[in-house]
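So for the sequence shown, UniProt numbering puts the first residue at 1; every next one is plus one.
Rather than coming from a laboratory, the hints here were simulated on the basis of the structure.
Remember, it's a predicted structure, so these values are computed and weren't measured experimentally.
Zero decoy hints are in this set.
Calculated cross-link-like contacts (lysine-lysine; reagent style DSS-like; alpha-carbon spacing at most 27 angstroms):
(1) Lys45 <-> Lys105
(2) Lys105 <-> Lys72
(3) Lys120 <-> Lys45
(4) Lys4 <-> Lys72
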Amino acid sequence: MLSKRIQNRVFWVGAQNPDLRTFDVVMHTDAGTSYNSYLIVGSEKTAVIDGVREAYATEHIAKISEHCDPAKLDYIVCNHTEPDHSGSLVHLLEMAPHATVLCTKAGSLFLKKLVPRNFKCRVVEDGERVSLGDVTLRFVQAPFLHWPDSLFTFAEEEGILFSGDVFSFHMAGEGLFDDEIAWTGEMEAAQRYYFDTLLAPFRSYVLDALEKIRGLSIRMIAPAHGPVRRRNPQALLEVYREYASDGPVSDTPKGYVAYVSCYGYTRELAEEIYRAGIRNGMDMEIDDIAEVGPERVAEKIRRMDAVALGSPTVNRDALKPVWEVLASLSAYDARGKRAVAFGSFAWSGEAVRYMAERMGRMGFRLVDTLAVKLRPDAEERRQAYALGERLAQSVRE
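Required output: the full structure, derived from the provided sequences and hints.
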């Protein structure tokens, strides 16, 4: 895709990778991705908003050259310094050594390690404005979306919010704008998947950022990945508000039992824990991880107050789907959630201990554990029920 004018003085000068299928190890990208960068040509000064992955630096600079001399760039705004947005920066600075990089304090510290050369850097404060002549850039600090450095840049006269990774999702294609694309359920799912994978651990920060931009006259949202959103940007803000509000409900605690079971023995324990949770006033769900998949289980765990995780011991370990669930969660997802670990075993029984150790290191608040040899008898089922009771009671403590 060539560079493209997105509005008046603003141009898309990014890059696309339609063949990418895994992003940063942790995300599936079945439709590829884009690395969005924007050029603003003001009446007095010019600015680039974010860069691209280093492999696309030559293409990126060529697109900038279509509209101005890169050597005469005045500002390079780094909304987010992760290498998929800052990788091209060292090459752009070689072309524009007099340009000033604008970023947050955290961003400046990261860039010192990411860019192996001296450059002019200016830390912008929350609410600060920088004039390009007939365009004014207003900066809104939005930390932990999803790094400490994250920043929104609002082009006031254009009504464009440059939002970094927020409001992004992974997709490459010929259409630059959301209203040039046949919007499908798959795209809605990709948008939610992106939020759940990247931003869900920072829900409170998302809500804070939405409050900070509530009064802005946003006519278009230009994210770091995926299409530019001009169809109904206000509706997108509300969608994100719904995503970020989808957390635990305090008046009716939510509990979740997730397990794998080879012969049904661990499932029997899971069902007792589930039944105890319901009878102790919790809103409970139960899933076999092998049936619904680790990613779906991890997504549910993020919205729960209490979690019971179960696995039999096989070859002196818990089964792979359990580890995939935990690998899909961050310490932010786990922090403070009450949890128990349980499972059946034949002779060695390490799985429950290993699960408990891992969950504890992640930040789950371990209430107790239960390991049962082979098929649980009536007394052991009562112990599982009591474990569920303790889990439910711990949420109210």
